[in-house]
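Join the two chains, each given in its own frame, into one complex according to the hints.
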Amino acid sequence: MDDVAISARAIGKRYRIARAGGANGTEMLRDAIANTARLPFRIARQVLSRSNGVTPMLPSHDEFWALRNVTFDVKHGERVGIIGRNGAGKSTLLKILSRITAPTVGRALVRGRLASLLEVGTGFHQELSGRENIFLNGAILGMKRREIEARFDEIVSFAEVDRFLDMPVKFYSSGMYVRLAFAVAAHLDPDILVIDEVLAVGDAAFQKKCLGKMNSVSRSDGRTLLFVTHNLSLLEAICDRAYLLSEGRVVTSGRTSDVVRAYLASTSAAGHNARIRSDALHWRGLLNACELNDLRSDNDITMEFELETGERDLAGLDIDVAVHNSKDEIVVHAMSRVVGPPLSLPRRRRAIVSYTIKSPKLMPGEYYVSFYVADYERPLLWVENVPAFTVTAASYFGVLEVISGIKGPIVPEFAMSVTQAAGVAS
Amino acid sequence: MSVPAAEVQRETVIEPASRIAPRDVADVWEYRELLWFLIWRDVKVRYKQTVIGAAWALIQPVATTVVFSMSFGRIGNMPSEGLPYPLFALAGLVPWSYFSAAVGAGSSALIANQQLINKVYFPRVIIPLASVLTPLVDFAIGLVLLVVAFLWFGIVPSLHMIWIAVFMVLAIATAAAVSLWVSALSVRYRDIRYVLPFVTQFWLFASPVAYPSSVIAPRWREWFALNPLAGVIEGFRSAIVGAPAVTPMLWLSSITVALLFVSGLAYFFRVQGTLADRL
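First to last, the protein sequences are chains L and D.
Under my numbering, the first sequence has 137 at position 137, and the numbering climbs by one with no breaks.
Count along the second sequence from 1, then add 1000; that gives the number in my numbering.
No lab work stands behind these hints, which were simulated from the structure alone.
This list has only true hints and no planted wrong ones.
Under the rule of at most 20 Å between Cα atoms (straight-line distance), these lysine to aspartate or glutamate pairs were calculated in the EDC-like manner:
1. L:Lys-144 to D:Glu-1030
2. L:Lys-75 to L:Glu-236
3. L:Lys-75 to L:Asp-240
4. D:Lys-1044 to L:Glu-127
5. D:Lys-1044 to L:Asp-166
6. L:Lys-144 to D:Asp-1024
7. L:Lys-361 to L:Asp-294
8. L:Lys-209 to L:Asp-294
9. L:Lys-75 to D:Glu-1011
10. L:Lys-358 to L:Glu-413
11. L:Lys-144 to D:Asp-1027
12. L:Lys-144 to D:Glu-1033
13. L:Lys-407 to L:Glu-366
14. L:Lys-208 to L:Asp-294
15. L:Lys-213 to L:Asp-240
16. L:Lys-209 to L:Glu-119
17. L:Lys-144 to L:Glu-154
18. L:Lys-208 to L:Glu-119
19. L:Lys-213 to L:Asp-189
20. D:Lys-1048 to L:Glu-127
21. L:Lys-407 to L:Asp-298
22. L:Lys-75 to L:Asp-189
23. L:Lys-358 to L:Asp-300
24. L:Lys-327 to L:Glu-247
25. L:Lys-407 to L:Glu-119
26. L:Lys-213 to L:Glu-236
27. L:Lys-209 to L:Asp-189
28. L:Lys-170 to D:Asp-1042
29. D:Lys-1048 to L:Asp-166
30. L:Lys-358 to L:Asp-294
Covered by chain D, per the in silico footprint, the following chain L stretches (three or more residues, Cβ under 8 Å):
31. 91-97
32. 101-108
33. 118-130
34. 140-151
Partial list, computed: chain L residues near chain D (C-beta under 7 Å):
35. Met-28
36. Arg-111
37. Leu-136
Glycine included, each C-beta is placed from N, C-alpha and C at the ideal position.
Isolated chain D (complex conformation) (with noise of 0.2 Å):
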């Protein structure tokens, strides 16, 4: 009997799930075009079921500004850091609007895609983070809204801008990171997902997007800073107009992340081997 190829000597070795292995990483490298054909689907079928389409990427960020200057602004009169308050909320609502997005899909997404993981095999890992890349498209629009209400009201964005990829690779990172926990977590505990929505919720008020952090009392700041969306918005916010600060916040905020990110990823390891058992 001819054996063919080379190629088939690729071995593949079966065995009960334990923990992280060298060839799970490989595996994930080796499906990378899955995660943006999935993103792609999503994308796609998002823009071509909903009318309003890419419309929709700016009523959320763009309503909730309004409320945010009739209260916090009008009434509250929080401090905007000299900007125009409904641009100062604004600039904090478009990455936090991505943030809400892309942990709500990322959360859920093994449980939405279920139909796929019980029938075929590729890296799991691949659902979560498809979901949580997913919503940067929005996040794009979202972005430009951003730069037409500062040119509206008379503010020339600077070049410091090109700082926001920075912020938002930490945005991702986190959105993925809880996404990881909590979409592992959900399979297992499905009463997961009716407590999400509240932590995010939560979560919004937690950071600085209708207030800046100048107003949280300085023995707090610490303790702000663990949040590691504080960091971000800040930082996004003031890279618009000018040179971001890095202050000793976003490292605090880098390392949480980190952390999060790297026990997320273990944990979805530990359990991705028997995913289909529990769908």
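Chain L on its own, in the form it takes in the complex (with noise of 0.2 Å):
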């Protein structure tokens, strides 16, 4: 097939997770000389083992199969997007087509220069200027000099740094620094453009301009765009077609539209984990999961979760719902008992239960609830790890910007001053 953009078969990759001591499957020298001077010894018992009957020990590593048996073609022009939760192997697919690091089992051919964006600004450096840093970021990313020379006009009035060309990007503010790095990539001129998440940082009106691009690029010369983002609104409007990934396999594929919605069901179906169940009250999902899936930091999240009672009448009921990132902290804790008195609900009734949140300044990410009922604090139903809501984009001083380098679980307005005192510190 002549129109075949990326054609992938099989492609399998599996990670090592390293016994003790370093990560990612590092080594220490000295342990790799301590154990082939140890060898003969190990050999020689195993053999002596072996005769004696007893199974000998083999040197094991813990394993994980990030993405398994993944096949699929993408034709040139398309647009396909690639959803999953966290950990479903999106990122290690986007890595293996971009050439980052090697499957383990499989094959894929690509037909045209791709470029991915796994990232903005890959590769800038603080102390060069901008000039200098469009020059070597796109480099990096692939192009060459005369290409970028030819294109820098157009990338600077797109990232609109025109005044702060010539100062080192240490001192832009967040704002310019991600304009210019996603300028530079998206003026890559690229047959298959592979970008992962990058549109959840910038303003919206950049984010606009940025999807203005990538939409004009590829609808007018044909280009191929292979997507990853958890923003399914975003999603659904550009791409054409989706797979949904789970526990690295294509579990979905077809109409953007249609993959979607298998992922929501898939979230609020399957995933989370009851660990307290009872015949008098039931867990029957969240009910307004796809509203929110595209949240600022700084919006009201309400979250409406639908419960139904068993044969006998409930009262005295506390109902706490715990928020956790996806590093599994808990970033907010809600108490009804705070709010108000215990709570009643007749039997055989489904009920909804409305939590909202205000304004809770949460950092850009996955984010999950734990859901608790009691009643006279007797434990009836407790779920957890259920995917709630997605936070795309961070407001900070009610500009929404990225806050790259900012750490910690949420981002707060704060405010400070310096006030110096009379006198000279001996």
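Below is the structure:
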């Protein structure tokens, strides 16, 4: 087939989890030397133990398959989305297609020049000026000097940084930094563009500009786009087709809207763990998950949980909701008894518990909830790890912007001042 | 659906990492401009960040020359092949400083650039190569200093100095060979970087920097010549004052370097596909 841009066949990727010491399979030379020195003894012991009928201990690494048997085709000019929960293998897939890492098994064929944008501003150097970074970043992304020179003015005007071109980027505001970084990447001229989640940064107007650029590039020149995002409405706006990954496998593919629906169904149905169940109260799910996948960090977050009562009336109910981030840290804990008296629910009834968390200022990311109900302090229901909402951009002093380098789970507004005391410190 | 122009027909095959393939080599050529940009970045950043900038390239060889002149020259009365001892030492230290800087930067280059390796594709071999070439800027400054020092002592360097280029090619190849091996290995064995400074220091005294190789007993000479830097430094020094001797020692050195370089390259290409997983 002539019009295939990417054809992946049975791609698999295995990672080894180091048993001790270093992460990601790094080892220590001293251990390697020591192991080699011990090898004769180990073999001798194995031979001996085998003759005694004892099974020898074989060295084993813990393994984990980030991708298994992934097969798909993308035609030239298609715009294809990839969705899935954290750890589903999306990023690994993009890394393999971008040749950042090699697959363990399988094979893929890429026709045409492929450029990937897995991070905004890869290779930017703080000490260099905007002008210098345009050239450096362009070269890192695979552009020729000639190409960069030809598009230089376009990049600068797209990024709106003309006046600061000769200033080191360490003095740029985060907004300027992101605009410049995206502008370089947006002016790459690849046949296939691979993008991972980078549009979660930048202010709304700039996002719109980037989308416009991506759309026009794709539509007018028949370029191919492979796009990963948690922002489902964005995905539906851009992509014709999508793949849903789960635990390293492709579980659904087809029209974007169908795949998005399947994804939402899978996140609200499966995935959570019921720690405590009882016949008195049943968990029916988070009703409005599909409205919560594109939040700003200063939005109020309203979650609607549906419950169904069993064969008896319930009274004295306390309902707790805890919000976890993807590192499994609790970032918000809301308890009904703080805001009102214990609740009652009649038997055999469905009820919707609506929780609104006012402007929690969470960092961009995926969030999960734990939901806990007790009557008179006896636990009735406890579900954990329910995928709840996604924050895609942060608001910072009322301006939507990336806040690279800020640590911690929340993005508060803050003020500071410096007061100078009289006299000289001794 | 219209298929864009002929350029689209470029095909990339993505397969499990194995051994060196012709397309890997073609890729390095494709990305040759990146090599230049990485060198340019490192030079630029270095001279922007340090106030003394260029002076730093001079301080190290000059300071070591002073120390060597005191110890080996004055106290040890080391023979110096007809040159004033400080000139002798400086002429050895200028190529040595290049070598030790190149090996130091080249060997840690992958770890220093892990951010890049994890986020974008390019032939990984460019990173250690760029780090090995960057210290040539300091070397050039050192060379000017060396010429000035010779003139200061009343010795006019000969036109044979152009031979220096040949010896530096050998020095670069040696540094690249060591860097390919060590940088690739250090991603896997993180403690190698603690070993390297010790090896480099030992290497300095195993090379004819502070002493001429004529002080080595004849029966050890062949072993001594296995050290590629022995030929480089001896040749470099002799080229300043006259026609350099192209000795069997030099051929032996070149063969050692060639073997080390080719094997280093082969090892590097074998592991480059999964470097990102280990960084």
